[in-house]
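Work out the full structure: start from the sequences and follow the hints.
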Amino acid sequence: MTKRIWILITILLLVTGCSPKDQDKVTLTISAAASLKDSMMEVKKDFEKQHPGIQIVFNFGGTGALRKQVEQGAPSDVFLSASKKDYERLIDRGLIDSTLGGSFLTNRLVIIAPESSSDPSLDALSHSKDKLAIGNPAFVPAGNYAKQALMGMDKWDAVKDQLVLAKDVRGVLTLVENQSVSLGIVYASDLTASKKVKSIQSISSSYHSKIGYYAGVLQNSKHPKEAAVFYKFVISDKRKETFEKFGFTKG
Numbered sequence: 001m002t003k004r005i006w007i008l009i010t011i012l013l014l015v016t017g018c019s020p021k022d023q024d025k026v027t028l029t030i031s032a033a034a035s036l037k038d039s040m041m042e043v044k045k046d047f048e049k050q051h052p053g054i055q056i057v058f059n060f061g062g063t064g065a066l067r068k069q070v071e072q073g074a075p076s077d078v079f080l081s082a083s084k085k086d087y088e089r090l091i092d093r094g095l096i097d098s099t100l101g102g103s104f105l106t107n108r109l110v111i112i113a114p115e116s117s118s119d120p121s122l123d124a125l126s127h128s129k130d131k132l133a134i135g136n137p138a139f140v141p142a143g144n145y146a147k148q149a150l151m152g153m154d155k156w157d158a159v160k161d162q163l164v165l166a167k168d169v170r171g172v173l174t175l176v177e178n179q180s181v182s183l184g185i186v187y188a189s190d191l192t193a194s195k196k197v198k199s200i201q202s203i204s205s206s207y208h209s210k211i212g213y214y215a216g217v218l219q220n221s222k223h224p225k226e227a228a229v230f231y232k233f234v235i236s237d238k239r240k241e242t243f244e245k246f247g248f249t250k251g
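One point on numbering: in full-length UniProt numbering, the residue at position 107 of the sequence shown is 107, and numbering is uninterrupted.
None of these hints come from the bench; they were simulated from the model.
Mixed in with the good hints there might be a few duds.
To be verified - Once the Cα atoms are required to be at most 35 Å apart in a straight line, the calculated DSBU-like pairs of lysine-lysine come out as:
#1 K129 <-> K25
#2 K155 <-> K44
#3 K198 <-> K245
#4 K68 <-> K240
#5 K155 <-> K222
#6 K240 <-> K84
#7 K210 <-> K245
#8 K210 <-> K240
#9 K238 <-> K49
#10 K245 <-> K44
#11 K167 <-> K49
#12 K196 <-> K25
#13 K25 <-> K232
#14 K210 <-> K45
#15 K37 <-> K240
#16 K210 <-> K155
#17 K222 <-> K45
#18 K225 <-> K85
#19 K198 <-> K225
#20 K196 <-> K45
#21 K155 <-> K49
Listed below in structure tokens is the structure:
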């Protein structure tokens, strides 16, 4: 009988073999703009190294789509937005803790083409069958900024019938990489994610509203204390070098 008991105990120990440390880990879900993906993966690595009791899981996507998910009650702890409008909407609805939120990065727009292509231009595009990819302005901040810029440069009417709309800014990058389109408009930070594209023109910020990124702790977070720790880690000046490596400006 004693032997059987020890066998059962051994089996139970094997089945429940997770260490107390693993069981005690807190998992934070971070809803983040797609354009932040590469930089945030590095931030995650640094954060988890310094905070071994907290695990970070990302939900990347277009900011507008992420904001709708939060409004519909999707579980999330921190919101990282590429749109002031979407961020402020969650503030106004009481879904972000206003004491733990604010801007932390800026970016700029560039026009890109496949690396192997000759340098096409927006002017040439309007006289050809080639396509221009941008994020869908209805819910992708990069697409909204791109539309503002095209209108500011008096190019919108000339190219609007040749647009291919992507679900997020990384979708634009993929379309250009695959040469499905001749040109795309993305953030400068997206250039660090691909060697298959090149920048052919930097777009002046005078043609569009300020490109800012905003972070906030969500009121429905199941782990508000840990979420606040991650939020403060992200916005800290100590992350400046990391974000600048990926084409962002801290501020």
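Do the hints match the structure? See the list:
Using a Cα cut-off of 35 Å, the hinted pair K129 and K25 is violated, with the two alpha carbons roughly 54 Å apart. Note on K155 and K44: the hinted pairing is violated, with a Cα-Cα distance of about 40 Å set against a maximum of 35 Å. Using a Cα cut-off of 35 Å, the hinted pair K198 and K245 holds, with the two alpha carbons roughly 17 Å apart. Distance hint between K68 and K240 is fulfilled; the C-alpha atoms sit about 29 Å from each other, no more than 35 Å.
Distance restraint check for K155 and K222: the Cα-Cα separation of roughly 47 Å exceeds the 35 Å cut-off, and the hinted pair is therefore not satisfied. A threshold of 35 Å between alpha carbons decides the hint, and for K240 with K84 the separation of about 20 Å falls inside it, so the pair holds. Under the criterion of a C-alpha separation no larger than 35 Å, the hint pairing K210 with K245 is consistent with the structure, at around 21 Å. Note on K210 and K240: the hinted pairing holds, with a Cα-Cα distance of about 19 Å set against a maximum of 35 Å.
Annotation: proposed proximity of K238 to K49 holds, straight-line Cα distance about 15 Å (limit 35 Å). For the given pair, K245 sits about 15 Å from K44 by alpha-carbon distance, which is consistent with the 35 Å threshold. The suggested pairing of K167 with K49 holds, with an alpha-carbon distance near 33 Å, which does not exceed 35 Å. For a cut-off of 35 Å, the pair hint linking K196 to K25 is broken: about 39 Å separates their Cα positions.
Distance check on the hinted pair: K25 and K232 sit about 19 Å apart at the alpha-carbon level, within 35 Å; holds. A C-alpha spacing of about 29 Å is found between K210 and K45, which places the hinted pair at or below 35 Å, so the restraint holds. Among the hinted pairs, K37 with K240 is consistent with the structure: their alpha-carbon atoms are about 16 Å apart, no more than 35 Å. The straight-line distance between the Cα atoms of K210 and K155 is roughly 20 Å, inside the 35 Å bound, and the hint therefore holds.
Using a Cα cut-off of 35 Å, the hinted pair K222 and K45 holds, with the two alpha carbons roughly 22 Å apart. Distance check on the hinted pair: K225 and K85 sit about 26 Å apart at the alpha-carbon level, within 35 Å; holds. Taking the CA atoms of K198 and K225, the gap is near 42 Å; set against the 35 Å cutoff, the hint is violated. A distance of roughly 26 Å separates the Cα atoms of K196 and K45; the hinted pair therefore holds under the 35 Å criterion.
This hinted pair does not check out: K155 and K49 have alpha carbons roughly 47 Å apart, beyond 35 Å.
Checked against the numbered hints given earlier, this structure breaks hints 1, 2, 5, 12, 19 and 21; the rest are met.
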